[in-house]
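Chemist: Protein chains in written order, with my numbering: chain A, 130 to 385; chain B, 2 to 271.
Incorrect hints may appear among the rest.
Claimed, not checked - For each label pair, taking beta carbons as the anchor points, the in silico distance ranges come out as:
# : chain 1 : residue 1 : chain 2 : residue 2 : range
1 : B       : 130       : A       : 270       : 52 to 58 Å
2 : A       : 240       : B       : 167       : 32 to 38 Å
3 : B       : 108       : A       : 206       : 45 to 51 Å
4 : B       : 133       : A       : 337       : 57 to 63 Å
5 : B       : 67        : A       : 273       : 58 to 64 Å
6 : A       : 171       : B       : 27        : 48 to 54 Å
7 : B       : 133       : A       : 261       : 58 to 64 Å
8 : A       : 138       : B       : 201       : 43 to 49 Å
Hints were generated in silico from the structure; no laboratory data involved. Even for Gly, the Cβ is constructed at its ideal location relative to N, Cα and C.
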Amino acid sequence: MSQPLIEVSGLAMRYPTGRMALTDASLTVNAGELVVILGANGCGKSTLLRCVAGMLQPTAGRVTVAGSPISNLTGQRLADARMALGMVFQNANLVKRRSVIANVMAGTLGRHRNWKTALGLLPHSERPFAERCLDEVGLLGFADQRAGTLSGGQAQRCSVARALAQRPLALLADEPVAALDPEAAEGLMSLLKRLAHEDGLGILCVLHQPDLARRHADRILGMKDGRVLFDEKPSDVQEVAVSALYAKAPLETLPA
Amino acid sequence: MLNTASVNDVLPGAAQARRRLHPMTFVLLFLGAALFLQSAFVVHARPQDLITGAAGIADILHRSFPPDFAGLPDALWPALETIDMGIFGTAIALVFALPLALIAARNTTPAKPLYFLARGLIALARVVPDLVWALIFVTAVGLGPFPGALAIVIHSLGMMGRLFAETIEDIDMGPVEALTMTGASRLAVFSHGVIPTVMPSLLGITLYRLDENIRSSLILGFVGAGGIGFQLLTAMNLFQYRTVSMLLVLTFIIVVGAERISAALRQRIA
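Next comes chain B alone, as it looks inside the complex (with noise of 0.2 Å):
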């Protein structure tokens, strides 16, 4: 009481305020719920055939084990497809993403209509799904890690570019300015004032990219495009639990490995 009463006295509006807030606490919360109700609806949210579908879930956990190792061997090629096509893709990205980054940050942009385009590409190719984007590249250029190499360059330049532009709108325009004064020419101003002051972000978001593309790279294995995934459709397919349980485990430590080595590395740099 002695709490309350002290803090009414230092700050009239402070109960007030808090009396003012209820009504709209209400309503949001009324909005809330709404929101959620209509999503399982729309879902078919139904949880009783989850119950009865648990034995389903049950036998097939006890169908993948125990996991078989015996076909690891088989499976080192693809895992390490399925790593490579997350560094073809996020190197590659990283070569793009830079140049047209400094397009498309508005501070540094050579001029607005190469702005608004270069904004465009990265907003296309962020928003394609990786998985559309694989799915085109195989239709071009067939089966294999190499489409799905291509489809994470593409929806990573987008994510790259977009950060990356992003971290250069944010910094002191004080050196480029300065750099300008002294006769330097506009690329020379951007590698000397901009680039050293935003290297360290850069290479933070791509490390995490590599993360990211590392696991995206496991999926487009689905739609053909090589590496574990392939691997696990195919086991999928021919019923093989054990196949597939045993490649979880190795996609489990692939992606984990990908994280803590990226999450490490960026701790470096930071």
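Bound conformation, chain A alone (with noise of 0.2 Å):
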């Protein structure tokens, strides 16, 4: 059960600027479990999770996803080691003049890479899975309806269902509620915690929302200035420890 999906281990990202986002990452995820990050603007937690997904090279670290690395690869092999890994963006991301069903089954490009695909054709194989998939979003009635009509809420759990479509080990979510109102967020992080619970996803949720992680989260990173300073159960982290991830002054007084 608690086989580490996600390893990340010694991470660091100096970028071109010179600005060091990352300066000595390590966690993991393991499968079931919902982990969220929590930290200010500039902590490093979208870094890191653009390195976990391949998206950015760590300039030194390590991370596997299922027990193979995932940096330092490129082309055909990123793709193939990236099926592993479903993301879900700040914003939706869907092609909103399509249907909700063809963003779904867009998920599925991975495993049907021919010409027919590349021509711009949908699997239609795939309907089905995609069907199921949107169902256990609870969108299965708004199938073909075009994208751009869905409310935020909605479009965010339409990109839940695409990165399902992909049959994902994990999911990777970068502030994936940023764009709802409260109701919709909470909606969202209980289909995230049901999907880790329930269908043995890992999971790993960059959050903005200290009061959204501690319901939801089966674990709470704080990330501050590159590094990750603590990494506990809801109930175990401290209102303090919070509060001092979005502090200006250093940390010396924090507790351990």
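Hints are included, so try docking the two chains, each in its own frame, into the full complex.
Modeler: Have a look at this one:
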């Protein structure tokens, strides 16, 4: 059960501008677990997520997904390795002019690399599976609607369905509720928790809302200045530790 | 007075700003006038010649009237040639402009050198006027509508390639990023993430181009590339002004018709 799905060790990232976004970050995400990263803007949490997704090449350190290393891959091998990782973005990033089901079916394109999909045709054999994914996020009734007509919360759930259509082992979510109202945010986090607990996905989610994290996460990681400061169960995370993440002053006074 | 006072109260800088603008406005007006005067000098503008020439114009108009519709049946085939040069040229240009634009858009190009190559091709195709392309193709493949159609293909490829590339550069890259993450092939990311988003704009550009191309295929006839243009040139050379006016009526119908149909279709897409 607690087999590590995502393992990050000693990750460092220096941008060409010289800024150190990550200095020494390590974490694990197990199957069936929703892990939330909290931290102020610029603490390196988005950079961390992008390194895990293989969208950025870290300066140092190691990322493995289901046991196989993901950093330093390019081209086809990176595309193959990525298939185990579903990504949910801050904005749903749907193709607005296409139907909801078409957007979900696009999540299966990695398994259907042929001339038909290259020309823009969808793999229609995947429609029943895509419908199951939509059902999972509660949007089956919207399948044939244009994605552009969905509300913010629905669009984000549709993007989760697209990630599920990819048949990932783990999901990465980059501030998935940033554009949502409180109710939709609550709904999305419940959905992510259910996907972790019931379907056994490992989920790594960057958030800006400590209270949402406390209610839904299995573990909370606090990040500041490119390193992980704490990694605890929500019940063990102290309020002062959370507010220290967002404090401007240095942290000498923080209890370990 | 009351209004001015209150504006100045709310925006203390407003009155000053107006005063500060004055010298600059004079300079711009002077530069504009100078620019126009030099153009009048360079084109040898002589309004008096136009007045003395009015009699000549009246004579031609008189000799053109009424249009000679007896020659209409013979003009129908060239008219079709003119329209079809535009349709054929636009269709072939569309097929090639799409992949070219994907290479010539900064956000979707596979590699920087290819980007510059594609931009260069587009600029070359666009900067050389279609009339010159027609002259080149008439030399290459002989008289008739085909060289005209080829000229339209090349010139539209430049115009459409540039506008397509600009449209693609304006898109939100979010869906592209998302589809890349699904492990989809590069081509599939374009065809599923970029094309559906830009399709309406691209169709709009193509329809607008079709309208322009039908218009320019009329002119291409003047250099031997078939169609109504060639008929017009022949009739002019033979001083058959009543045939010329008939052809102009036909031209008017074709151009306005193409414009209307293109505009109506574009409205449907938007």
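Chemist: Now tell me if each hint is right for this structure.
Modeler: Structure-based check of all given hints:
no.	hint	in the structure
1	130/B with 270/A: 52 to 58 Å	holds (56 Å)
2	240/A with 167/B: 32 to 38 Å	holds (34 Å)
3	108/B with 206/A: 45 to 51 Å	violated (24 Å)
4	133/B with 337/A: 57 to 63 Å	holds (59 Å)
5	67/B with 273/A: 58 to 64 Å	holds (59 Å)
6	171/A with 27/B: 48 to 54 Å	holds (50 Å)
7	133/B with 261/A: 58 to 64 Å	holds (60 Å)
8	138/A with 201/B: 43 to 49 Å	holds (48 Å)
The structure does not agree with numbered hint 3 stated previously, though it agrees with all others.
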